Structures are given as structure tokens and as C-alpha cells.
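*Asks:* Listed below are the residues making up each chain.
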Amino acid sequence: MNSITMWTSFTTILRREVRRFTRIWPQTLVPPVITMSLYFVIFGSLIGSRIGEMGGFSYMEFVVPGLIMMAVITNSYSNVASSFYSAKFQRNVEELLVSPTPNWVIMAGYVLGGVARGLIVGLVVTLIALFFTDLSVQHLWLTVSIVFLAAVLFSLAGFINAIFANSFDDISIIPTFVLTPLTYLGGVFYSIELLSPFWQGLSKLNPVLYMVNAFRYGVLGVSDINVAWAFVGVLVFVALMFAWGLHLMTHGKRLRH
Amino acid sequence: MTAALSIKNLQKTYDNGFQALKGISFDVQPGDFFALLGPNGAGKSTTIGIICSLVRKTGGNVSIFGIDIDKDFPAAKQMLGVVPQEFNFSQFEKVYDIVCTQGGFYGMPRKLAEERTEKYLKQLGLWDKRDTQARMLSGGMKRRLMIARALIHEPQLLILDEPTAGVDIELRRSMWTFLEEINRQGTTIILTTHYLEEAESLCRNIAIIDKGDIVENTSIKSLLKTLNRETFILDSSEALSTCPDLGGYSGRLIDEHCLEVTVEKGQSLTELFAALTKQGVTITSMRNRANRLEELFVSLLAEDRKGEGDQ
Numbered sequence: 003m004n005s006i007t008m009w010t011s012f013t014t015i016l017r018r019e020v021r022r023f024t025r026i027w028p029q030t031l032v033p034p035v036i037t038m039s040l041y042f043v044i045f046g047s048l049i050g051s052r053i054g055e056m057g058g059f060s061y062m063e064f065v066v067p068g069l070i071m072m073a074v075i076t077n078s079y080s081n082v083a084s085s086f087y088s089a090k091f092q093r094n095v096e097e098l099l100v101s102p103t104p105n106w107v108i109m110a111g112y113v114l115g116g117v118a119r120g121l122i123v124g125l126v127v128t129l130i131a132l133f134f135t136d137l138s139v140q141h142l143w144l145t146v147s148i149v150f151l152a153a154v155l156f157s158l159a160g161f162i163n164a165i166f167a168n169s170f171d172d173i174s175i176i177p178t179f180v181l182t183p184l185t186y187l188g189g190v191f192y193s194i195e196l197l198s199p200f201w202q203g204l205s206k207l208n209p210v211l212y213m214v215n216a217f218r219y220g221v222l223g224v225s226d227i228n229v230a231w232a233f234v235g236v237l238v239f240v241a242l243m244f245a246w247g248l249h250l251m252t253h254g255k256r257l258r259h
Numbered sequence: 637m638t639a640a641l642s643i644k645n646l647q648k649t650y651d652n653g654f655q656a657l658k659g660i661s662f663d664v665q666p667g668d669f670f671a672l673l674g675p676n677g678a679g680k681s682t683t684i685g686i687i688c689s690l691v692r693k694t695g696g697n698v699s700i701f702g703i704d705i706d707k708d709f710p711a712a713k714q715m716l717g718v719v720p721q722e723f724n725f726s727q728f729e730k731v732y733d734i735v736c737t738q739g740g741f742y743g744m745p746r747k748l749a750e751e752r753t754e755k756y757l758k759q760l761g762l763w764d765k766r767d768t769q770a771r772m773l774s775g776g777m778k779r780r781l782m783i784a785r786a787l788i789h790e791p792q793l794l795i796l797d798e799p800t801a802g803v804d805i806e807l808r809r810s811m812w813t814f815l816e817e818i819n820r821q822g823t824t825i826i827l828t829t830h831y832l833e834e835a836e837s838l839c840r841n842i843a844i845i846d847k848g849d850i851v852e853n854t855s856i857k858s859l860l861k862t863l864n865r866e867t868f869i870l871d872s873s874e875a876l877s878t879c880p881d882l883g884g885y886s887g888r889l890i891d892e893h894c895l896e897v898t899v900e901k902g903q904s905l906t907e908l909f910a911a912l913t914k915q916g917v918t919i920t921s922m923r924n925r926a927n928r929l930e931e932l933f934v935s936l937l938a939e940d941r942k943g944e945g946d947q
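First to last, the sequence lines map onto chains A and B.
The opening residue of the first sequence carries number 3 in the numbering used here; numbering runs sequentially from there.
The opening residue of the second sequence carries number 637 in the numbering used here; numbering runs sequentially from there.
Quick caveat, the hints were computed from the structure, so don't treat them as lab data.
Fair warning: there could be bad hints in the mix.
Stated by the list, open to error - DEER-style ranges, computed between Cβ atoms: (1) A/5 - B/721: 28 to 36 Å; (2) A/5 - B/822: 27 to 35 Å; (3) A/234 - B/830: 58 to 66 Å; (4) B/820 - A/146: 26 to 34 Å.
Since this is a predicted model, take the numbers as computed values, not measurements.
Where a beta carbon is used, it is the ideal one built from N, C-alpha and C, also for glycine.
Looking at chain A on its own, in the form it has when it is part of the complex (with noise of 0.2 Å):
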């Protein structure tokens, strides 16, 4: 395949993932929306009122950042999980495989789906604080970088979580179990400089601190952590799970005989 025709069929591969979520909005767009507005509204609004200043910003303006990298991250992990096992268990990951499209097309072609995802699901919960909060974006370049990243680093995830998947069970799994708790334990709803040393220094081993931070300091500018360490350990994650999903891939691990 010439460049031209990989990008027909990486585009190809986009659409349908556009599609398919856009076709089952209520399942896709419309939870994470319901959920995050509960949470402005129960964190936020209710609760936080009576929390007071968190970081130097009222609760609610602390919060939001947080809440938003949380919606990203989750909804572009479950979008590729979901779709890059239903393709498997439907079998017609097999379109894919016979045709000449090369794997790592076929891998940011899934990747990209769930990046769409997450940034439109990003987007609107972003609308919906704006009725509970004014958001000024302080570094806007940044802020767009990192949200756009760990929705690259968490499809790659979920894409990798698909090929091991053998049920629909394996695919609930490590968002149950290892992506919900790194994420509450990852400094949406607080600032690590509440905790003591220890648990500082274990909450700089969780890998979405980095990413909640880098977006927290683009839009308040403010952070916990070193933001330049959250792009390099990113970008180095990003790079480590793209080789690995790639090696998965033309190895055919559990997609062919």
C-alpha cells in the first residue's frame, strides 16, 4: 500500500468508529455527560461550597480540570476496548486482517476512534461546567497537548486490554478494578498536598496524577507536580504502548491462528 491509500483506509477505519459510536449515542455520549454533571453538581456545587478554596480556587474551578481528564480518559479507553473486542468476538476484525491495511494503520485508525471519543465527551462536559463555573484556560496549547495525549495513552490502553480480552467480562476488568481507583486516586477531587509524605510519594507513582495535573496547570495554572516530567512520562508511555500493541499485532496474539 502507497501512503495515499493507507490514509484512505485509516480514515476508513475512523469513520466507522465515528459512526458506530455516534449510532449507540445513548450507550456512549450520554452516560459519561449524565455522570460528570452529577458530579458538578454533588462535588461541586453541594459539597464543595462547604469544602472551601482547594489549591488557591474554589472547589468547584479545582475540580473541573480533573473531572474533564477523568471523561477523557475513561471514555477513550472503554471506546476502543469495547469496539476492538466486539470486532474479535464478531469476527469481523477479520475485514481488517485480510485486507492489505497495515497493522499499525489498523491501530490508529481503532486509537483515533476512541481519541474522537473522548475529546467530544471531553468537550460537552466541558460545556456543561461552564454553567457551574467560569473557565479561563491559562495555557492553551498545553491544555489541548495533554488532554489530546492521554486520550492517545488510554485508547492504546484499552486497544491492548481488546486483543488479551477473551469475554466481555475481560474488558471490564482493569477499568473496574485498575483505571477507576488510579483515576479517584489520581488528584481529581484533591490536592496531594494534603496527604502526608508517604502517600505523596506514592500518588507520584500513579501515572494519571501527571496527566490531571499537566491539564490542571493549562487551565488554572497551577499544579502539584512537575508538568515537563507529565509530557515526557506521556510521550514515553504513549511510545512504550504503541510499540507493544504493535508487537501484539504482528504477532497475531489471539486475532489469528
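We have chain A already, so just place chain B on it with the hints.
*Replies:* Below, chain B alone, put in the same frame as chain A:
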């Protein structure tokens, strides 16, 4: 002439140690309509899986129109269309989207993919169903949908793995006509089927595979010439209480109006009819007990297994 498909010493051993292919070799010439036959579990689907990259071979070589799949699989895949045995499309996508999207996977510009989608959906009688979700189609429609999808990039080699399984006879015959037309236009077709009548009627050359080995690879005509005996069912106008003297032919009375007679190679049917006429038996119709290819197929497999037993 470069073969449309060339398979040399192809081997496959699965992780559990099962040897599905024991080093098979055969060629399919361009423009051929080729039957790959064998009982369940013989290795047909494994062979097809290797050709289309869904199964990894353990050894041997496969070339499609001279392109070695180990050297340039994407180029080889561009020449190949596959209709698998099992439905492998998204049940929730629309018929039109399934076919058109497949064109995109082969790098076809959207406009061309749309034109071809319309062309093949119309030819296969699915145009009226283009906006229907695939899960709503009947079994026959789903089979035709997979054929349309496999043809979207107009491959030079089309492999159909039991395309008419579970399809009613009327639809099966219309699919035969369609495939014959595609073949006439130059597409090489490889067909696996359990309907041997289908293979006899459509295909010119044949390979029979059993337990991972090729037991026969020849033209259908040559194969049929090797048939040593044929069994016929004769319908008598009168009721018969006992089997009449068949004048040297072996046979039996199935019921009072039906005789089964086996005619060995070299024997003439004229003598049989003369013997029956002499006894006042009037035959109103005659037919083969089984399809001729079916008889050969069964005897070849029996010989193959006897050979194994002798070893």
C-alpha cells in the same frame, strides 16, 4: 504461465500439536474454477486461512499470481477476495456500509467504493436491503452480502469457503449462475463445498484433501473417467414381487417398483435393458443413486483410510 495460486509443501501444526496440513502442494491456474474438497476437519479451512493470513503456516510456500506471501503479503492480498464459511461482519452495521467500508480497507477512493457497492449489491439482489442492519437479513442474504464484500476490490482470485451452505436450492442455483459469470469474466475461483453436485457442475479442476494430505488433484473430467462403477435406480411400471434376473449385473429390489443395479466399467446398459425386457419388465425412468463425484469422493477417502490402516 504464472499460477493464480501456487501452494508448495504447506504445513500447519497448531499449538496443541495437531497437524492440520502435512505438506500439501497444488496449483490453480488463472481463470480456473477449482474445487477444494474434503470431509470436515480435512484441512480446507486451514489452507484458506493461511492464504488469507488468518492462520500462520508452519512451513511451505504460498504464492498468489507469483507473489510470495512471505515477501509481499499486502500485494498478494490485493489480488485476493475471500468469502469465509462463517458470517464475519458486524451484525449491527448496515449492508451498504459493510460493503463500502471494505473498499476503504483496500485503499479504494470513497467514490469508487460507492459505485462498486451499488454495482455488486444490485447484482446480488441486495440493493433494496442496503439500509438494513446485517442481523436482519436471512441466511442466504448474509451469504450474498459476504460475496459482495469480497468482490468490492475486484480480486483476481476469489476463494469461497462453502458459500451455499444452508442456502435453498433456488438461491443456490442463482449463486452458481453469478459465480459462473464472474469466472467467465476472468476471475479465478476456488470453491470448497459439501455439495458435490455443485463442484461437478461448476468446477473444472479439483483437489481432494483428507487429514492434511492431498489424496487427488486432477481435472473433474479425468476424475470421473476413473469411476469404476455406477449405481442406478430403475423405476418399473409394474409391481415386482422378486428381483428379476439382471443378466450378470448385480442389483436388488428396493421396493416393488424400484430396482438398484450396479454397472461395472465396461459393462453396457443395453444388455441390462435387453435382459429386463425379455422378462417383461418395463423401465419408465432411470437415475444415478448418488452424484457421480460423490461416489468417487467416498471411494477415494475409503481407499486413503484403508491405505492408512494397512501401514
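*Asks:* None of the hints should be skipped; say for each whether it holds.
*Replies:* Hint by hint, here is what the structure shows:
1. A/5 - B/721: 28 to 36 Å: Since the Cβ atoms of residue 5 of chain A and residue 721 of chain B sit about 35 Å apart, the hinted range of 28 to 36 Å holds.
2. A/5 - B/822: 27 to 35 Å: 30 Å, holds
3. A/234 - B/830: 58 to 66 Å: 60 Å, holds
4. B/820 - A/146: 26 to 34 Å: For residue 146 of chain A against residue 820 of chain B, whose Cβ atoms are near 57 Å apart, the range 26 to 34 Å is violated.
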